Amino acid sequence: MKPRPFDYVRPDTVEEVLALLAEYGDDARILAGGQSLVPMLNLRLVDAKVLIDVSRIAELDVIRNFSEAGEVDDAMQEPPPAAARGGLQVIENPRPHEKVEIGAAVTQNQLMAWPQLAQKLPLVAAALPFVGHFQTRNKGTVCGSIAHADPSAELPLALAVLEGEVVLRSKKGTRVLRAAQFQKDMLTTARAADELITAVRFSVTVGQGVAFREVARRHGDFAIIAIAAIATDKWVHLGIGGLTGQPAVSGFRPDYIHHKPDWFETWLGQIEGYDDLHASAAMRRDLCRNLAPDVIAEAQKCAA
Amino acid sequence: MRDKLKAIAAKQLNVLPDDVELAGGKIRSRSNPDNALPFGRVAATSHWSPVMLPENMAPALSETGIWSPPELEPPTSDDRINTSLTYGFVFDMCGVEIDPKTYSVRVDRYVTMHDAGRILNPTIAEGQIRGAFAQGIAAALYEEFTYNDEGAFLSGTFADYLVPTVSEIPDVEILHYSSPSPFTPLGAKGLAEGNCMSTPACIANAIADALGVEDVTLPATPRRIHALLAGGKP
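Chains A and B, in that order, give the protein sequences. Reading the first sequence from the start, the letters are residues 126 to 429 in our numbering. Reading the second sequence from the start, the letters are residues -2 to 231 in our numbering.
Hints were generated in silico from the structure; no laboratory data involved. Every value quoted in this text rests on a predicted model; they were computed, and no experiment measured them. Where hints are given, some of them may not hold.
[Stated by the list, open to error] Just the calculated beta-carbon pair ranges, DEER-fashion:
no.: 1; chain 1: B; residue 1: Asn145; chain 2: A; residue 2: Asp380; range: 21 to 27 Å
no.: 2; chain 1: A; residue 1: His344; chain 2: B; residue 2: Ala55; range: 57 to 63 Å
no.: 3; chain 1: B; residue 1: Phe150; chain 2: A; residue 2: Pro130; range: 24 to 30 Å
no.: 4; chain 1: A; residue 1: Asp152; chain 2: B; residue 2: Ala156; range: 25 to 31 Å
Each residue gets a CB set at the ideal place from its N, CA and C atoms; glycine is no exception.
Excised from the complex, chain B in its bound form (with noise of 0.2 Å):
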């Protein structure tokens, strides 16, 4: 990058790039240190001004850098890789309640434990926890593609692809237990959608323990419910 930015600034100086010096937020000359050009004018000629370029120099200032931390290996013989410096975990548990009359499922109460290891942001991680939470309850008990036998798309609109709004989201209690990384310079770990995952399988062990099945479909419609509960094809 300087070695470019110097050969850039020699040619509209008019020295060789050996006399050219980075100094004070200027490109100057070594050895005539008033014959300079503000940093960032020098920069922005190789994308404003590629015809100032010198002969044959490729527009625009890039660089690429990686650092693989040594932690993360190479895949082994049998494929399995670590991917990450910053694995967060997440533990919920939930109560539902099951209404016999309307096939409904509410949740009472859900608490959920992550360990982000050193929180930076408490207010991002609570956005973010409570953002997925929410996609969250959408996957367990509103949203889905539906199709019919024939291949047609059936929720193709908001009507029946059912979004659920504030109301249909249930509190959600958030505990954090924080157990510092030991690879990363603060102790972070990493925190986002994790409630996407474990909110739809908390709440469909919630309902298989209620309905004493084995297995639940998710979204747990009303309509999947009432046919667990008949015995019957949803």
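If we strip away everything but chain A, and leave its shape as in the complex, we get (with noise of 0.2 Å):
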């Protein structure tokens, strides 16, 4: 199929990109990489007047380290909802400030090439090779899979697990969100319709074990399930990806496997999962007992 006619604009600079989101609103699409939008206005399932492409914005292709305390504005954040928590009490993660900040033109090749990812984001790196394939990477954003906030993608579990933040810009200012509070359900996000994603952070984890897991049908697919879990002697933060509308994320003390073995059926039993043409809510729910245990204890070996 073809899209419905469109309008395309390739802006330089950042300032012109709000000026038209302003303008244009919700009519307005961003396209970063292309790999999910295009194919869903060929299908028609999107619908754009104008596509404001961001991928040649040189102050958006950027990957830097990032360590300002207090950069959060906490005035502009929302509590997090209970539900996405998995309404179990979270042990904050006492992880220093030290993030990397991806701007919205960084491929995840760009990403994947990046020679310290390894060593400060062991997580992503673990993760990068699932989301789609090769060439798709070559052109695929970082954060337009953020913005897309598909619930089975790789990057938004990792950010959400790594309690990493997005950076969203408007003409009328910019505000920081945590991972919780930017994904709300399946495609949906708290981007307003005149805000551009600049910038994602992931929080460093040197020191700290990770581990991630996948279920798909063929490699590059959509995950029916993928698990991810940074570890180390003090806590564990686990995600799921691919059981609910958004990724399931839950931190708690590593006894908690021994001395509370039904605190995973309990945070399970509050997610709702959904049915689709590749798995029932129940084979997702089995999948997540089988492997998030195996997860868990590969990072915490990792962190040993």
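Put the two chains together into one complex; each comes in its own frame, and the hints tell you how they fit.
Written out as structure tokens, the structure is:
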């Protein structure tokens, strides 16, 4: 199929993008790599009057270390929704404020080739090979995947488990949302119509154990279930993608596994799973039951 | 065919058809061999210049011949019929592993043996087997037209209708047993899409054996394996 006609604009600066978004709002779509947007336009699942191509804006083509404490503007944040956190007591991750900021024009393969990736963001390094295929990663961007908010996508899961942030800019200013606040549901985010995601920030996990596992019909297909874990000797963060509308994340102390073996069932029971062609909700839950302990154990082993 | 060519040429050579002969790549007058046309030109006349054909002659040169080998007898009274002289034979064996945690099927080893009589071109034979095997894997584990209860088509894109890629096709060991056909001049028998039919059955039997179940619906997707293991509806 072919898309409905649309206008294509390729601004050179973020300021121009923000002016266009202020003008067109919901009628505009940001085009970065187009690996999800363009097929959806072709299938006419998405309509756009204007595509704003940000892929060649130099100031967005940046991967940088970010460690300014207090950068997150708490005044503009909503409280984290309890359901997204799984209702379980969340052990705050005492990791330092050091993060890696990835601009909106950075492709998935660019990030894979970043020399510091394996050391600073080993979970992202483990998840990236599962994002589509080599060819789609050449064009697909890191921010684009997070903006698209597919419930089975790997990068939104990694961002959620790493308690990352999404930087949104509009003519009115900048706001920074935590991952759990950003992705509301399946393909639904907190981005306002006049906002551009200029960057996302993943927390650096040097000295922590990480593990990632995915079940898909074929390599590169949408995950039926994706599971990510980060662990130290004091806490574990577990995230599951593909089960419900947004990544389900839980934090717990390692002794939970021995002293409260039913914590996982309790948590899983609170998450409403979805059915699709490839898996029932019951199968997705069973996959989590089967694989989450392995992924947690691998992260803990890697931390030790 | 010859008579038709002679009739076409006679008009152009301005002689009687009985005086036309086909010789040396030419169609010419027997009594005056210098009065000649190239064979190709006469043959082409029927296609390119129907206006030059003798009156009432239909354009185009074509001839259909039918030969029935004696072994191909008519249907019997109970409607059994032999349709081919070139039956090939296929024998497949495989070992599969089912991951109880991910409900996925992995083919560990697959051996297929073909009796195609005398193999005329080994490269073509291997290509046919590999292609049919890939399609067999697709039918066994991946490709499916799926409809919901309301009749809506659910696998209408290649994101949902899963064609296996090279990564999903396991290695296949190919063996040949050559028993020449007594019915064909070179002893050759048929070989092509056999694995489209044998591979799904072979894999289904291996899965049934592994899970101790009687019946496996194909494709044996993780969803169906999960249902078989959990004893529920897929």
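To see whether the hints hold, each was checked on the structure:
For Asn145 of chain B and Asp380 of chain A, the hinted distance range of 21 to 27 Å is not satisfied, since their beta carbons lie about 46 Å from each other. Distance hint check: the CB atoms of His344 of chain A and Ala55 of chain B are about 59 Å apart, consistent with the given range 57 to 63 Å. Between Phe150 of chain B and Pro130 of chain A the beta carbon distance is about 27 Å. The supplied range of 24 to 30 Å therefore holds. Distance hint for Asp152 of chain A and Ala156 of chain B: a CB-CB separation of about 27 Å, consistent with the stated range 25 to 31 Å.
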